[in-house]
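There are 2 protein chains.
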Amino acid sequence: MTTKCEDCPLRPLSQFLRFSAEELAFMERFKTGEMQVQPGTHLLTQGTRSPQLFTTLSGLGLRHKTLVDGSRQVISFVMPGDFLGLQAGVMGEMGHSVEAVTDMTLCVFNRADIWSLFKTLPERGYALAHLAAIEEQFLGDALATVGQRPAYDKIAWAMARYFHRAKAVGIAKGNTCPLPFRQQHLADALGLSLVHTNKVLGRLRKEGVLVWTDDVLTIRDMDRLEQIAALDDGPPPRPLI
Amino acid sequence: MTTKCEDCPLRPLSQFLRFSAEELAFMERFKTGEMQVQPGTHLLTQGTRSPQLFTTLSGLGLRHKTLVDGSRQVISFVMPGDFLGLQAGVMGEMGHSVEAVTDMTLCVFNRADIWSLFKTLPERGYALAHLAAIEEQFLGDALATVGQRPAYDKIAWAMARYFHRAKAVGIAKGNTCPLPFRQQHLADALGLSLVHTNKVLGRLRKEGVLVWTDDVLTIRDMDRLEQIAALDDGPPPRPLI
DNA sequence: CGCGAACTTGATGTAACTCAAGGCGAGTGG
DNA sequence: CCACTCGCCTTGAGTTACATCAAGTTCGCG
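For the record, the sequence lines run as chains A and B. Following UniProt numbering, the numbering of the first sequence begins with 1 at its first residue and continues without gaps. Following UniProt numbering, the numbering of the second sequence begins with 1 at its first residue and continues without gaps.
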């Protein structure tokens, strides 16, 4: 039983741009099916061409990369609404892998159809570029955090980001949201060791900032968290000549 | 005196995809002018909307981000052929700044025209998405390097990447290329201190891997460099059922 | 000649790493 | 139902790859 785009539970969320009737009809045709996967499933693999692209309907996952020495870099956490496989779509090859962490439901598209998307409905092509730009911005922030900040700030930043995204896609309830990852995943995302990550999480817990237990994240002091997590300033003061 | 797209010195490079006559004509119209800037010029500023987008014709620059605590993250080095301002173009706001490091010549486009690009010539919209995907892949690699690898490997990786790109855009000569940045820039790109960066560069010099003096990078032992710089494996072995 | 920008080098400090061990809950099998 | 394993989290002790501090050198420039 597949979901019609018209009935997509994500579309009404304020986080997403509105669809025109025409776009809706187009996406309905573009979508070739729906897919259910279990935790641990590899959806896309780094260095390979995938014939399929996905949009996450529900569930959570991970984008990650394995290096020659065997270490892993988690690129980002995958949430409902995320488009998976842009690189495969336009370049042919993926630079990272994508893996399901919970049960996931995904819309499936054909890689080969992506060109027709640009051609027949430029609005959708533009939307794809928009998504790519958002991803680029996120990766810039992640790079800055991993490169420049101490462990305490890194973890606060990651948790704050995650929580806000969770809220935006409607999986948060009050000041809590599901966080079905392992501490090792977070460590791999931020370039920290598991042990150190654990200690810093303990500190944030003791300080009453946040608690992460049983796959649930609870924000105890949002103001404080935001303050620690803050990455860059707004626009600089305007010059006067 | 502006360069016609037809005469663009970059276009023939093997690194770039071919243009159709139609695309060429379109880009000629899309381009609103040419711009010359001096070292130190801020082309785009994080957190602002820019009415102009650019493609680098010649010269070198930096994408970077300034954090609340004043530290800087260099996102990437800007080379001829790089498109600047995608984020401003499709999202409105830049997540990082772009600054000229040498004299630069740039093609100038109007932000407002970007939508017409998708609409009237989808091939060009697709090209833009392609660029964005390449950037995303690069940022993933950078994140993995900064997050997981020791200083020695980071620097080797950065230098190898830089040299290959330089070669691809035709600014390398033999085993040398211009590298008009400061050690501080490299340090800020890799999340290292200036002092440590300096020491590791010294080590690579002593070991006969590479030399960076007077704004010129010389690769002394490419095989060794590649070996240190290697980031990830190719595609994994294929499973058999 | 004095000054600032960039590079270099040595000494000292520390944030985060590794190693090692133990606890706890869930599953499994005798 | 208990013994065992396994995955995950937690904590302490010792180590190290970096950072920071502090000079000193070189070079171009006003």
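It is possible that some hints are incorrect.
Identical copies carry no separate label here, and so any pair may be met within one copy or between two of them.
Straight-line distance between alpha carbons at most 30 Å, and here's what the computed DSS-like set of lysine-lysine pairs gives [unchecked claim]:
#1 Lys119 x Lys31
#2 Lys4 x Lys206
#3 Lys4 x Lys119
#4 Lys119 x Lys173
#5 Lys31 x Lys199
#6 Lys31 x Lys206
#7 Lys199 x Lys119
#8 Lys4 x Lys199
#9 Lys206 x Lys119
It is worth saying that the hints were derived from the structure and are not from the lab.
Now for the hints, and whether the structure bears them out:
Taking CA atoms no more than 30 Å apart as the test, Lys119 paired with Lys31 passes in both settings, with 16 Å inside one copy and 22 Å between copies. For the identical chains of this complex, Lys4 and Lys206 are neighbours neither inside a copy (46 Å) nor across copies (64 Å), given an alpha-carbon limit of 30 Å. With identical chains, the CA atoms of Lys4 and Lys119 are at most 30 Å apart both within one copy (23 Å) and between copies (27 Å). In this assembly of identical chains, the alpha carbons of Lys119 and Lys173 never lie at most 30 Å apart, being 40 Å within a copy and 40 Å across copies at closest.
In this homomeric assembly, Lys31 and Lys199 never come within 30 Å of each other (Cα to Cα): the closest approach is 45 Å inside a single copy and 54 Å across copies. Taking identical chains as interchangeable, the C-alpha atoms of Lys31 and Lys206 are never at most 30 Å apart, the minima being 47 Å within one chain and 57 Å between chains. For the homomeric pair Lys199 and Lys119, neither the shortest alpha-carbon distance inside one copy (52 Å) nor that between copies (52 Å) is at most 30 Å. With identical chains, the CA atoms of Lys4 and Lys199 are never at most 30 Å apart, being 45 Å at best within one copy and 59 Å at best between copies.
Proximity of Lys206 and Lys119 under a CA criterion of 30 Å is satisfied in neither setting, with 55 Å inside one chain copy and 54 Å between copies.
Figure legend: structure checked against the earlier numbered hints; hints not met, in rising order: 2, 4, 5, 6, 7, 8, 9.
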